[in-house]
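Can you make the complete structure from the sequences, with help from the hints?
Note that numbering that gives the first Met the number 0 numbers the sequence shown so that position 390 is 389, with each residue one more than the last.
One thing to keep in mind: the hints can contain errors.
To be verified - Between beta-carbon pairs, the in silico distance windows are:
| # | residue 1 | residue 2 | range |
| --- | --- | --- | --- |
| 1 | 229 | 426 | 27 to 33 angstroms |
| 2 | 35 | 190 | 19 to 25 angstroms |
| 3 | 46 | 120 | 21 to 27 angstroms |
| 4 | 259 | 475 | 24 to 30 angstroms |
| 5 | 308 | 255 | 37 to 43 angstroms |
| 6 | 297 | 423 | 41 to 47 angstroms |
| 7 | 182 | 120 | 34 to 40 angstroms |
| 8 | 338 | 395 | 37 to 43 angstroms |
| 9 | 209 | 255 | 58 to 64 angstroms |
Everything labelled a hint here was simulated from the structure, so no lab data went into it.
Virtual Cβ for every residue (Gly too), placed ideally from N, Cα, C.
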Amino acid sequence: MIRRLRALPLRSRLALLVATAVAVAVAAVSTTCWFVVRGKLYDEVDAKLRTTRQSIDLRAVDVAATLRACPPSASSQDEFGRPKDYYFQLVTAAGDEPCVFAAVSAGTVEVTGADRAVAREADRLVRPGEPDGGTFRDGTDTEGRSVRVLTVAAATDGAVFKDTALMIGVPLRETERTLDDLALLLLLVSGIGVIGAGATGLWVARTGLAPVDRLTGAVEHVARTEDLSVRIPVEGDDEITRLSRSFNAMTAALAASRDLQQQLIADAGHELRTPLTSLRTNIELLARSEETGRAIPPDDRRALLASVKAQMTELAALIGDLQELSRQDGPAHGRTVQVVALHEILDVALERARLRGPELSFTADVRPWYVRGEQAALERALVNVLDNAVKFSPPGGRVEVELRDGTLSVRDHGPGIGAEELPHVFERFWRSPSARSLPGSGLGLSIVARTVQQAGGEVSLAPADGGGTRAVIRLPGAPTPPPASP
0 MIRRLRALPL RSRLALLVAT AVAVAVAAVS TTCWFVVRGK LYDEVDAKLR
50 TTRQSIDLRA VDVAATLRAC PPSASSQDEF GRPKDYYFQL VTAAGDEPCV
100 FAAVSAGTVE VTGADRAVAR EADRLVRPGE PDGGTFRDGT DTEGRSVRVL
150 TVAAATDGAV FKDTALMIGV PLRETERTLD DLALLLLLVS GIGVIGAGAT
200 GLWVARTGLA PVDRLTGAVE HVARTEDLSV RIPVEGDDEI TRLSRSFNAM
250 TAALAASRDL QQQLIADAGH ELRTPLTSLR TNIELLARSE ETGRAIPPDD
300 RRALLASVKA QMTELAALIG DLQELSRQDG PAHGRTVQVV ALHEILDVAL
350 ERARLRGPEL SFTADVRPWY VRGEQAALER ALVNVLDNAV KFSPPGGRVE
400 VELRDGTLSV RDHGPGIGAE ELPHVFERFW RSPSARSLPG SGLGLSIVAR
450 TVQQAGGEVS LAPADGGGTR AVIRLPGAPT PPPASP
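Here you go:
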C-alpha cells in the first residue's frame with residue numbers, strides 16, 4: 000500500500016491526503032453529532048416517562064386484584080387517559096408473567112432481571128417524601144419493537160407494594176426514525192464533503208505545486224540545453240519562493256563560473272600564444288640553419304638559445320600558475336588545512352627572494368604568528384608577493400618586510416602603481432603597461448588574493464609614502480600555537 004502511494008504523483012498524494020484528513024474529520028464530527036442528538040432525544044423520552052409516572056395513581060388500581068386476575072381487560076385505558084402506545088405493567092420479584100393494567104397497542108414489554116431486582120428492592124428504594132427513583136433501559140416488547148422502559152418501585156403516597164415494580168414503556172419508533180434520518184443526512188453531507196475536499200485538495204495541489212512545476216521545467220531545460228540564463232519569476236516570500244530564489248542564485252553562480260572558465264581559457268590561450276610563437280620562430284631559425292648549412296653567427300646563436308630558454312622558463316611558470324589557480328578554484332580535495340607558523344613560511348620565502356635579488360637589501364621585522372591554512376599555498380602566495388617587490392625594485396633598492404599581529408607588510412621602492420591601475424591588480428592575466436616588458440604570467444597576485452581569501456584573510460595593494468608600493472596581508476590567527484589535541 001505504501002509503495003503504491005509513493006508511486007503516485009505528488010499532486011495526487013496531496014489531494015488524497017487532504018481528502019483523507021477531511022473524511023476523518025467529517026466522520027468524527029458526524030459521529031459526535033449523532034450521539035449528541037441521540038442523547039438529547041433519549042433525555043426527552045426519559046423526561047416523558049417520568050412525567051407519565053407522576054400522573055399515575057396506583058390507588059386507582061387494585062394492585063393485588065390485578066396481579067391475581069392477570070391479564071386484565073383494556074377498560075382501564077380511559078381511567079388513566081394515557082395514549083394507546085404507552086406500556087403500563089406490573090412485575091413481581093417471584094418471576095411471574097408481567098400483568099398489564101392499562102391497554103396498549105399490542106404486546107407487553109419483556110421483563111429482565113434488572114426489573115425484578117427493582118421489585119425485590121422496592122421496600123428499600125422508596126423513602127417517605129422522596130421520589131421513588133427508578134432505572135431506565137432499552138428493551139423490546141413481545142412483538143420485537145424497540146421500547147424505552149422506566150422501572151420503579153410500585154408505591155403511592157409512601158405506601159409500597161411489596162416485591163412489586165411498575166414498568167412504564169414507550170415505543171422508540173419516532174426516535175429511531177429521527178436518528179435514522181439524521182444518520183442518512185450526515186452520511187450524505189459527509190460524502191459531499193469528502194468529494195469536495197478531494198476536488199479542493201487537487202486544486203490546491205495544482206495551485207501550490209505550480210511553482211515547483213516551473214522549477215522542474217527550468218531544471219530540465221538547463222539539463223537538456225545547458226542554458227544557464229534561465230530565471231524563475233520570484234513572487235512572495237514562502238518556501239517555494241526561497242527555493243526559486245536559490246535556484247536563480249545557483250544558475251547565476253554557475254553561469255558566472257562558466258564565464259570565468261571560458262575567460263581563463265581565452266586568456267591562457269592568449270598568454271601562451273606569445274611565448275609559443277617566439278619559441279617556434281627561434282626553433283625554426285635554428286632548424287633552417289641546420290638544413291641549409293648556413294651557420295648562424297655565434298653571438299646570434301647564443302642569443303637565440305637564451306631566448307628559447309627564457310621562453311621555456313616563462314611557459315613553465317605560466318603553466319605552473321595556471322595549475323595553482325585551477326587547483327584553488329576547484330574542490331578542496333587532497334588539501335591539508337592545518338595550523339602553520341606564518342613567520343617560518345615568511346622566513347623561507349625571504350630566503351628565496353634574496354636569491355632572486357642579490358643586489359637588493361632586505362629588512363625584516365618578523366614576529367611569531369600562527370594561522371590556519373594550507374602551508375604550500377601560503378608559501379606560494381608569500382613568494383609571489385616578495386617576487387613582485389623584487390621585480391619592481393630598482394638596482395640597489397631596499398625591500399621592507401614586517402609581520403606583526405597577523406599583518407604582513409611588504410614595501411618596495413619601485414615606480415609604484417597608478418591609482419587607475421589599483422582596481423585591476425588582482426585580476427587574472429592583468430599586467431600594468433610598465434610591467435608588460437618584464438617576465439611574468441599576470442597570475443601571481445590572483446593566486447595571492449585567492450589563497451588569502453581561502454585562509455579567511457584579506458589582501459590590499461596601495462602606493463607607499465615616499466614612492467613605491469606597499470602590499471598588506473591580514474590573516475586571522477594567534478601569536479602562540481594552540482594546545483596540542485589529547
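Cross-check of the supplied hints:
1. Range check, residue 229 to residue 426: Cβ separation about 28 angstroms, and the 27 to 33 angstroms hint holds.
2. The given range of 19 to 25 angstroms is respected by residue 35 and residue 190, whose C-beta atoms sit roughly 21 angstroms from each other.
3. For residue 46 and residue 120, the Cβ-Cβ distance of about 24 angstroms falls inside the hinted range of 21 to 27 angstroms, so the restraint holds.
4. Take residue 259 and residue 475: their Cβ atoms lie about 27 angstroms apart, and the range 24 to 30 angstroms holds.
5. Between residue 308 and residue 255 the C-beta distance comes to about 39 angstroms, which sits within the given range of 37 to 43 angstroms.
6. Here the CB-CB span from residue 297 to residue 423 is close to 43 angstroms, well matched to the stated 41 to 47 angstroms.
7. Between residue 182 and residue 120 the beta carbons are some 38 angstroms apart, a value that agrees with the proposed interval 34 to 40 angstroms.
8. Distance hint check: the CB atoms of residue 338 and residue 395 are about 39 angstroms apart, consistent with the given range 37 to 43 angstroms.
9. Between residue 209 and residue 255 the CB atoms are about 29 angstroms apart, so this pair departs from the stated range of 58 to 64 angstroms.
Hint 9 from the list above is the single one not met by this structure.
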